[in-house]
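Quick note, my numbering runs 135 ahead of the 1-based positions in the sequence shown.
Among the hints, erroneous ones may be present.
[To be verified] Across the chosen pairs, the derived CB separations fall in these ranges:
id: 1; residue 1: Thr208; residue 2: Pro411; range: 47 to 55 Å
id: 2; residue 1: Lys340; residue 2: Thr143; range: 18 to 26 Å
id: 3; residue 1: Thr388; residue 2: Gly221; range: 29 to 37 Å
id: 4; residue 1: Gly397; residue 2: Asn354; range: 47 to 55 Å
id: 5; residue 1: Val166; residue 2: Gln380; range: 19 to 27 Å
id: 6; residue 1: Asn410; residue 2: Lys218; range: 43 to 51 Å
id: 7; residue 1: Asp401; residue 2: Gly312; range: 50 to 58 Å
id: 8; residue 1: Tyr214; residue 2: Gln413; range: 44 to 52 Å
id: 9; residue 1: Asp234; residue 2: Tyr418; range: 17 to 25 Å
id: 10; residue 1: Asn394; residue 2: Gly182; range: 50 to 58 Å
id: 11; residue 1: Val166; residue 2: Thr251; range: 44 to 52 Å
id: 12; residue 1: Phe213; residue 2: Gly397; range: 33 to 41 Å
id: 13; residue 1: Lys178; residue 2: Asp234; range: 25 to 33 Å
id: 14; residue 1: Lys178; residue 2: Tyr418; range: 45 to 53 Å
[As the list claims (entries may be wrong)] List of simulated lysine-lysine pairs, PhoX-like, C-alpha gap at most 25 Å:
id: 15; residue 1: Lys198; residue 2: Lys220
id: 16; residue 1: Lys219; residue 2: Lys262
id: 17; residue 1: Lys139; residue 2: Lys217
id: 18; residue 1: Lys259; residue 2: Lys273
id: 19; residue 1: Lys291; residue 2: Lys220
id: 20; residue 1: Lys197; residue 2: Lys185
id: 21; residue 1: Lys220; residue 2: Lys262
id: 22; residue 1: Lys262; residue 2: Lys217
id: 23; residue 1: Lys219; residue 2: Lys180
id: 24; residue 1: Lys223; residue 2: Lys185
id: 25; residue 1: Lys180; residue 2: Lys254
Hints were generated in silico from the structure; no laboratory data involved. The beta carbon of each residue, even a glycine, is placed where N, CA and C say it ideally should be.
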Amino acid sequence: AEAKSHLTLAFNMQYPYYASADGYRTKRDVVLEIANGETETIKAKAGEIKVNSDWIKGKSLKKINKELQVALTRNWSFYSTKKKKGYKLTFISKDPNLDPTVRQNLIDTYFEIYPTLVKTFNNKSTKDVLFVVDTAYKAVAEASGNRILFSAGYMKAHPTDIDVVTHETMHIVQGYGYSAGPVWLTEGIADYVRYRYGVDNVGSKWSLPAFNDKQSYTNSYRITARFFAWLEQNVKPGLIAALDQQLRAHQYTGESWTNLTGKTIDQLWEDYSKNPNQVELKYSDKKAK
Numbered sequence: 136a137e138a139k140s141h142l143t144l145a146f147n148m149q150y151p152y153y154a155s156a157d158g159y160r161t162k163r164d165v166v167l168e169i170a171n172g173e174t175e176t177i178k179a180k181a182g183e184i185k186v187n188s189d190w191i192k193g194k195s196l197k198k199i200n201k202e203l204q205v206a207l208t209r210n211w212s213f214y215s216t217k218k219k220k221g222y223k224l225t226f227i228s229k230d231p232n233l234d235p236t237v238r239q240n241l242i243d244t245y246f247e248i249y250p251t252l253v254k255t256f257n258n259k260s261t262k263d264v265l266f267v268v269d270t271a272y273k274a275v276a277e278a279s280g281n282r283i284l285f286s287a288g289y290m291k292a293h294p295t296d297i298d299v300v301t302h303e304t305m306h307i308v309q310g311y312g313y314s315a316g317p318v319w320l321t322e323g324i325a326d327y328v329r330y331r332y333g334v335d336n337v338g339s340k341w342s343l344p345a346f347n348d349k350q351s352y353t354n355s356y357r358i359t360a361r362f363f364a365w366l367e368q369n370v371k372p373g374l375i376a377a378l379d380q381q382l383r384a385h386q387y388t389g390e391s392w393t394n395l396t397g398k399t400i401d402q403l404w405e406d407y408s409k410n411p412n413q414v415e416l417k418y419s420d421k422k423a424k
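Start from the sequences, fold in the hints, and give me the full structure.
See below:
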């Protein structure tokens, strides 16, 4: 009875973290089986845990907890935790073929850029972040809470795109998701920050697209980011940081543009469309450093 109690406690301590860290759509329903033959200690994967009935007898909670943690992390091809100057990054890869250079570049970019974003935009941001490279995830990347999920397929196809870290860690710093304002604004800010603070946009083969009259500020991402760069240089330096603060405080409204610049967002876009090339764009380049 004590062993089962310890196993239940260990499960409650380890599996929720494993499920959230594991990546994309990890099973939340788990079959827990105590029997002989399957394993000498504990065998675990998403949705299934098997424990040797002889091994578990008399084992302490600490021992069971540690063995379950080890069994779960065996499902990952790579697992590491690194701390630097008060910041922590846990890196998990479910892709056995992830290039070690790409992995290290993602880690290095986190420690280079994330402290700057925290200091610049939101010093209350978490300093404990989780990166997961998942083979089952088919988009590019996404941030949720303190976790960033990367597509293994995307990173294989675009191994130099390390500033995806800059965009996604900015979402962690933003902290408001899509709940505080329009999606185009949230994503436009994140891509503007990638442009402004990215560590190697040239190496990533990433740039802001030239203006054309079919565009709108609601197009989001790079189109909106270029507009924001123009606003910062021609209308109000610090405007994007001010909007970010309002969004985080859930104080953003359509009137925010008028209050901050004296013009509506539509008027600002019209001004931009008349002279879109009045902006100096500089892209970060690691090779030039």
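**OP:** Look at the Cβ atoms of Asn394 and Gly182 and judge whether their distance stays inside 50 to 58 Å.
**Re:** holds, 51 Å
Original post:
Quick one: are Gly397 and Asn354 within 47 to 55 Å, going by C-beta?
Top reply: violated, 24 Å
Original post:
Is Lys198 close enough to Lys220, meaning Cα to Cα at most 25 Å?
Top reply: Cα-Cα ~31 Å, so violated.
Original post:
CB of Asn410 to CB of Lys218, is that within 43 to 51 Å?
Top reply: holds, 48 Å
Original post:
In this structure, is the beta-carbon distance linking Asp401 and Gly312 contained in 50 to 58 Å?
Top reply: Cβ of Asp401 to Cβ of Gly312: about 25 Å, so the range 50 to 58 Å is violated.
**OP:** Could you grab the alpha-carbon distance between Lys139 and Lys217 and see if it respects the 25 Å cut-off?
**Re:** Status violated; Cα separation ~34 Å.
**OP:** Confirm or reject the claim that Phe213 and Gly397 have a C-beta distance inside 33 to 41 Å.
**Re:** violated, 52 Å
Original post:
Holds or violated: Lys220 with Lys262, Cα cutoff 25 Å?
Top reply: holds, 10 Å
Original post:
Would the pair Lys291 and Lys220 pass a check requiring their Cα atoms to be no farther apart than 25 Å?
Top reply: Not OK: Lys291 and Lys220 at ~30 Å, beyond 25 Å, violated.
Subject >> Lys223 paired with Lys185 [C-alpha distance capped at 25 Å] >> reply: Violated, at roughly 32 Å.
Original post:
Per the hint of 29 to 37 Å, is the separation of the Cβ atoms of Thr388 and Gly221 within bounds?
Top reply: 35 Å Cβ-Cβ, so the 29 to 37 Å window holds.
Original post:
Does the alpha-carbon distance linking Lys259 and Lys273 stay inside the 25 Å limit?
Top reply: At roughly 31 Å apart (the allowed maximum being 25 Å), Lys273 and Lys259 break the hint.
Comparing the model with each numbered hint stated earlier shows that hints 2, 4, 5, 7, 12, 15, 17, 18, 19, 23, 24 and 25 do not hold.
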